[in-house]
Every structure is written in structure tokens, then in C-alpha cells.
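Please build the complex by placing chain B on the supplied structure of chain A, with the hints as guidance.
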Amino acid sequence: KQEVTQIPAALSVPEGENLVLNCSFTDSAIYNLQWFRQDPGKGLTSLLLIQSSQREQTSGRLNASLDKSSGRSTLYIAASQPGDSATYLCAVRPGYGQNFVFGPGTRLSVLP
Amino acid sequence: KAGVTQTPRYLIKTRGQQVTLSCSPISGHRSVSWYQQTPGQGLQFLFEYFSETQRNKGNFPGRFSGRQFSNSRSEMNVSTLELGDSALYLCASSLGAGAGNPYEQYFGPGTRLTVT
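For the protein sequence lines, the chains are A and B, in the order given. Here the first sequence stands for residues 60 to 171, numbered as in the working numbering. Here the second sequence stands for residues 488 to 603, numbered as in the working numbering.
Okay, chain B solo, but in the shape it has when bound:
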């Protein structure tokens, strides 16, 4: 079974631009969560999508948004980039519901975003 994939792996953008990151979950997983990781703040939760609906949201400004498609693939968008948005963006997939461990998360390799 293929793992969680994220594209692109590396990205360099200029302040003020916008960026879209993509995440493909493990087959059969319906939940995708997004996290931002920085040296100063550690891992912080952005949002979670389940069956195309945002189920949870972290404490980030509205410049950060996301969506999920019917095949469970998810995209995250950041508009009007700031220098402080430079980070490793990780997505994680899980079953999201059902028996067993529906919330056991499996992470992708991340997208390294650098804002200059």
C-alpha cells in the first residue's frame, strides 16, 4: 500500500505570492490533516478534512485555507505569503472513522516552503 505523498517537496516563493500544496492520502483513508512545523513553534495543527468537509481548524489566520476532493486528496493554500510562513508543511492521513484506530495518523514527507 502506498504511503502518504506530498507535492512539491521543495518550494521557494517571494513574499506576497500565494502557494498551493498537495497531499494524497493512503488509499482508503478519508481524513487528511495539515500541520506546520517550524524550529520556534514546533508542530502546529492547521486543519483537518474528512469526506470533503473541514472537521477541525487550528489557530491560523484566514490566509491559510484548504480543501479536499472526492478522492480524499487535499490541497492547502497560503495567500499573501509572509517570511514567517517559511516552514515544513506536513500532511497526515487516517481512516477518520470506524472501528480500530481510526485516528492513527500516517505522515507524508512534507513540503519545505521557503519565503524570500
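For reference, chain A alone in the conformation it holds in the complex:
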């Protein structure tokens, strides 16, 4: 059974810092992995999706990497801004047509 963990659970950084959020999964046989952000009381916003055959994806200041052999993905945020403050969730799809398994999230606060 696939399990997803995220470290740290919470992170507070000053504006402008580069930061890394971590996601670990127990079964390396995955179909894809998706990173989301969630603002308090709101739905999820898709950030990046990495297929199992890919090593990384980039969008603006965000870069996500995937290392299936070690069961890890990282989300790199460059030059953080207060507007980046949110909870970041990673979700793993174990196989084609299977449902997502979500991690518990990392709550990020970027201080002005």
C-alpha cells in the first residue's frame, strides 16, 4: 500500500529565500506525481505534474524533481515571496487509472 510523507510539516522563512520541500513515498512503482498548493479553506491549485518517465518539471520559480529509485520528490521554490504562503501537498498516483494518495502537506509561511 502506497504511503506518502512530507517533511517538514511546517516551515517559516524570510522573503527572498530559496527553499526545498520534500515528499517521500514507499513504493517506487508510480504512474505520476503532482504537487499542489492549498490556501486556507480553499481548494487545491495544481502546480506541477511529473510523469514517472520524467526527472523534473519547471514552472516559473518552481522546480519539481522526481527520483523514483529513492522514493522521493522535491519542490524547489526560488526567491520566495509572501504570496507563496500556503500548504503544499504532493500526491502520488500508484498506477494508471488508480486514485491519488496524498501526503499530509507542508505549511509554508514566507515572512515579509
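If you are wondering where the hints come from, they were derived from the structure by calculation, not from laboratory data. One or more hints might be untrue.
[To be verified] DEER-style ranges, computed between Cβ atoms:
1. B/515 to A/110: 33 to 41 Å
2. B/548 to A/75: 42 to 50 Å
3. B/585 to A/75: 24 to 32 Å
4. B/538 to A/78: 39 to 47 Å
5. B/538 to A/85: 29 to 37 Å
6. A/66 to B/557: 43 to 51 Å
7. B/539 to A/62: 29 to 37 Å
8. A/60 to B/584: 21 to 29 Å
[What the hints assert, rightly or not] Mimicking PhoX-like on lysine-lysine, the simulated pairs with C-alpha atoms at most 25 Å apart in a straight line are:
9. A/127 to A/60
10. A/101 to B/500
11. B/500 to A/127
12. A/60 to B/500
[To be verified] Chain A is faced by these chain B residues, among others (derived, beta-carbon under 7 Å):
13. 515
14. 529
15. 530
16. 535
17. 543
18. 547
19. 551
20. 577
21. 588
22. 591
23. 596
None of the values given here were measured: they were computed from a predicted structure. The beta-carbon is built from N, C-alpha and C at its ideal position, and this holds for glycine as well.
Coordinates of chain B only, in the frame set by chain A:
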């Protein structure tokens, strides 16, 4: 293109009642998935519908059910509500099949259900 919409946004019900939540996917998306989010359990998958058929199901009791209509809109029903059903219910839509990223999910704003 309009995003995923969910109605109602907020709901207060009494224990023992039943509730129906609605989700309209992005135009052209044929898959709708439902999730329950609580502070203690995080995001948990309820079920997925694709072309009016339930394709996947999570580990929830039979009180939780759903359906999908021919226009891909989906409803979720919870019968005999319990206090523990208080949660944010999120739906997500995706293409569900085909080329590209058919399983990239787009989420709605959620329905906040409070059971008293």
C-alpha cells in the same frame, strides 16, 4: 474556460440527516473524483466517476455514495450523517483518458460540511 465548480459552498446539517453535494467539472473533462479533507486524516479519496461509471472507490462506508450524469456533472450523497463527517469535501476533474496528461487533476473550491 470555467474551472471546477461546487455547490453549495457551505452546509450545516444535523446528525442523522442526509446531504447531497454537487460538482461541475471543467468542460470536456469526463472524470470526477471526490475527496474528504479533515485536520486529522488529511485528504482521503472517496471515489472517482468516469463516463457515468464508478471507476475507483476509496475505503469509506456505504453511507457515502455518488453518481455522474451524462454531462459529466457529479453528485455525492452522504446518508445518516455523523459528527465525524464534518469536513471539506473537494471534487477534482480530469480528462480521464487520452493523450497528454489525462490524469492531471483540477480541484474545485470545496464544500464545507458541518454536522451538529
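message: Hint validation: residue 543 of chain B versus chain A, beta carbon distance must be below 7 Å. Holds or violated?
response: The hint holds - residue 543 of chain B has a Cβ within 7 Å of chain A, the shortest such distance being about 5 Å.
- request: Would you check whether residue 577 of chain B satisfies its interface hint, that is, whether its CB is within less than 7 Å of any CB in chain A?
  value: With Cβ-Cβ at 6 Å, under 7 Å, it holds.
query: Would you say the C-beta atoms of residue 60 of chain A and residue 584 of chain B sit inside 21 to 29 Å of each other?
result: Hint holds: Cβ distance 25 Å, inside 21 to 29 Å.
message: Under 7 Å is the threshold here; is the Cβ of residue 596 of chain B close enough to any Cβ of chain A for the hint to stand?
response: Status holds, d = 4 Å.
query: Holds or violated: are the alpha carbons of residue 101 of chain A and residue 500 of chain B at most 25 Å from each other?
result: Cα-Cα ~20 Å, so holds.
- prompt: Is it true that the C-beta distance of residue 515 of chain B to residue 110 of chain A lies inside 33 to 41 Å, as the hint says?
  reply: violated (21 Å)
field: Minimum beta-carbon distance criterion (7 Å), residue 529 of chain B to chain A
entry: With a closest approach of 5 Å, the residue 529 of chain B hint holds.
query: Lying within 29 to 37 Å: is that true of the beta-carbon distance residue 539 of chain B to residue 62 of chain A?
result: The hinted range 29 to 37 Å holds for residue 539 of chain B and residue 62 of chain A, with Cβ atoms some 32 Å apart.
query: If you check the beta carbons of residue 585 of chain B and residue 75 of chain A, does the distance land in 24 to 32 Å?
result: Hint violated: Cβ distance 41 Å, outside 24 to 32 Å.
message: Interface hint check: residue 547 of chain B, Cβ to nearest Cβ on chain A, cutoff 7 Å. Holds or violated?
response: violated (12 Å)
query: Does the nearest C-beta of chain A fall within a distance shorter than 7 Å of the C-beta of residue 530 of chain B?
result: Status holds, d = 4 Å.
message: Given a hint of 42 to 50 Å, does the C-beta separation of residue 548 of chain B and residue 75 of chain A actually sit inside it?
response: holds (48 Å)
Hints 1, 3, 11, 12, 13, 18, 19 from the list above are not met by this structure, while the remaining hints are.
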